[in-house]
Amino acid sequence: MNCIEFEARLHPYVDGELEMNEMAAAEGHVVQCAECRARVERERGFRQLLRRQPRESAPPELRAMIRARVRRSARLAAMRPVLVGTTAAAALLLVVTVLPSLRPTSSLVSDLVSKHVTYAQIEQPAEFVSQDPRAVETWFRQRADLRVTVSDYSPSGIRLVGGRLAEAEERKAAYVLYEKGHTLMSVFMVPVPARGADLSGTRVSYRGHDYLTLERKGYNTVAWTDGKTVFGLVSMLGYEALLECADRLRLDRAERFGA
Amino acid sequence: MPRWAWPGDRTREFEETALVHLDTLYRSALRLTHNRAEAEDLVQEACLRAFRGFHRFNPGTNCRAWLLTILKNAFLKRLKQGAHELLDSDPGDQQRGAISITDAGRTRGHPEEELLQTVLHGDVDRALKTLPLAHREVIVLADLEGFSYKEIAQIVDCPIGTVMSRLSRGRAQLRQLLGGLAREHGYVKESE
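Chains as they are written, first to last, in the working numbering: chain Y, 52 to 310; chain B, 3 to 194.
Incorrect hints may appear among the rest.
[Stated by the list, open to error] Here are the simulated lysine to aspartate or glutamate pairs, DMTMM-like style, with alpha carbons at most 25 Å apart:
1) K131(B) with E147(B)
2) K131(B) with D261(Y)
3) K152(B) with E186(B)
4) K131(B) with D298(Y)
5) K152(B) with E295(Y)
6) K82(B) with E47(B)
7) K268(Y) with D303(Y)
8) K82(B) with E18(B)
9) K231(Y) with D11(B)
10) K231(Y) with E266(Y)
11) K131(B) with E153(B)
12) K279(Y) with E188(Y)
13) K131(B) with D66(Y)
14) K152(B) with E58(Y)
15) K279(Y) with E295(Y)
16) K79(B) with D125(B)
17) K152(B) with D277(Y)
18) K223(Y) with D183(Y)
19) K152(B) with D11(B)
20) K231(Y) with D196(Y)
21) K152(B) with E188(Y)
22) K231(Y) with D203(Y)
23) K152(B) with D203(Y)
24) K223(Y) with E291(Y)
25) K268(Y) with D183(Y)
26) K152(B) with E94(Y)
27) K79(B) with E42(B)
28) K79(B) with D11(B)
29) K152(B) with E78(Y)
30) K152(B) with E68(Y)
31) K131(B) with E40(B)
[Said to hold, decoys possible] Sample of chain Y residues facing chain B (criterion: CB under 7 Å; computed from the structure):
32) R114
33) R122
34) A125
Honestly, the hints are just simulated from the structure, not real lab data. Think of the CB as a built atom: it goes at the ideal place given N, C-alpha and C, for glycine as much as any other residue.
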């Protein structure tokens with residue numbers, strides 16, 4: 052190996068990155084050539100200078116934050132049973148928007164389920180975070196002029212997380228998020244479209260009122276309408292819990308705005 | 003529900019395999035962004051992306067390089083959105099900054115070693131900052147974090163030969179810049 056050949060290999064030589072046979076040849080050259088030996092020394096010195104740089108550690112708060120976010124992400128991931136289905140649902144939604152005439156009758160419920168799945172995957176599903184039902188109601192009124200009823204399910208262990216503005220059937224919709232343990236429950240309130248709400252599902256009567264129940268992608272949904280607003284509950288919680296929440300909401304709503 | 007059992011295991015595995023490299027991620031992010039808040043943000047994003055893609059990580063392979071690849075991609079994505087830094091895929095022989103780049107090693111009669119002894123800790127970061135991204139990242143990975151050429155090639159997504167040439171050019175530039183800073187501090191006289 053001559054000086055020119057060695058110089059081309061100077062950096063991998065110093066970094067110990069040459070192949071065995073090349074390393075031996077380079078070694079042989081360095082032993083003989085004082086000039087190249089000096090180059091090697093210089094490069095090594097420079098490398099040491101860089102290695103002497105202080106090695107900062109990640110701040111403990113950052114570490115804690117990342118661990119918390121990772122855990123949260125894991126919990127949310129566990130709430131979506133069929134991940135592949137989300138993409139399919141999104142594709143369906145797109146087609147539906149472009150071709151409204153082909154809208155399947157239960158599109159609103161599918162839409163709500165897709166939204167629930169989507170929100171369950173994001174870090175902060177609620178735009179406005181509060182455990183106070185009145186505060187969440189005020190937020191909807193001020194933010195979007197929506198008269199939203201937010202029920203308090205805390206006696207049943209269902210905690211209010213907050214609210215978010217969503218869009219369903221091209222209309223502004225209120226989305227109220229609850230959590231029971233690690234299971235999310237979404238309550239959607241969507242204004243009834245001019246052509247009427249097209250809801251389908253199994254008709255269920257609960258405490259004297261009719262609801263439509265439908266299972267979509269492993270989620271249970273309960274829906275009803277009062278003529279002006281469509282209400283939809285989406286969760287992996289059982290139907291009984293959902294119907295009880297629906298009934299509570301209906302009562303709260305009647306109390307607030309009249310039956 | 004029994005299925006709630008698995009996220010905990012997965013989280014623990016991620017913490018033990020990936021989050022142990024958080025310091026490397028943080029330091030590299032700092033040197034890519036030069037901004038603490040942005041670096042923290044970038045590391046968080048990279049960690050969450052890594053966690054979501056953890057099922058794609060092949061256990062037993064190099065997790066540190068895998069994480070750095072994710073960090074690098076997240077950084078590039080931000081650059082494209084913000085475009086606040088010159089993004090050179092390969093800066094070639096272009097000269098950048100106020101100091102012209104020559105092969106410092108060939109400058110005869112220049113007591114360069116002595117000059118570099120006077121380099122202050124903050125200087126390396128200051129000098130790195132002015133290097134083109136393509137050169138800066140290979141130096142950070144090789145010299146400050148101790149990655150192998152093969153790992154660097156994976157992280158920056160280029161052939162090993164390119165890693166070598168970038169390292170060689172980048173180190174020459176960095177050496178020159180540090181020399182300039184040492185002179186600026188007045189430790190070495192201009193006339194030397």
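>> Tell me if the straight-line CA distance from K131(B) to E153(B) falls inside 25 Å.
In response: Within the cut-off at roughly 23 Å; holds.
> Does E42(B) lie within 25 Å of K79(B) when you go C-alpha to C-alpha?
Replying inline: Holds - the C-alpha atoms of E42(B) and K79(B) are around 16 Å apart, at most 25 Å.
> Under the criterion that the straight-line Cα-Cα distance not exceed 25 Å, is the pair K131(B), E40(B) satisfied?
Replying inline: holds (15 Å)
>> Holds or violated: K152(B) and E186(B), Cα atoms, limit 25 Å.
In response: Violated, at roughly 37 Å.
> Does K79(B) pair with D125(B) here, judged by a C-alpha cut-off of 25 Å?
Replying inline: violated (28 Å)
> Straight-line Cα separation of K82(B) and E18(B) no greater than 25 Å?
Replying inline: Outside the cut-off at roughly 32 Å; violated.
> Regarding the pair K231(Y) and E266(Y), is the alpha-carbon distance no greater than 25 Å?
Replying inline: Status holds; Cα separation ~19 Å.
> Does the alpha-carbon distance linking K223(Y) and E291(Y) stay inside the 25 Å limit?
Replying inline: The given pair, whose Cα atoms are some 28 Å apart, is violated under the 25 Å limit.
> Does the structure keep K152(B) and D277(Y) at a Cα separation of 25 Å or less?
Replying inline: Distance of about 65 Å is beyond 25 Å: violated.
>> Can you confirm whether the C-alpha distance between K231(Y) and D196(Y) stays at or below 25 Å?
In response: At roughly 28 Å apart (the allowed maximum being 25 Å), D196(Y) and K231(Y) break the hint.
>> Run the distance test for K268(Y) versus D303(Y): straight-line Cα separation, threshold 25 Å.
In response: violated (30 Å)
>> Given the hinted pair K231(Y) and D203(Y), is their Cα-Cα distance within 25 Å?
In response: holds (13 Å)
Violated hints for the displayed structure, listed by number in ascending order: 2, 3, 4, 5, 7, 8, 16, 17, 19, 20, 21, 23, 24, 25, 28.
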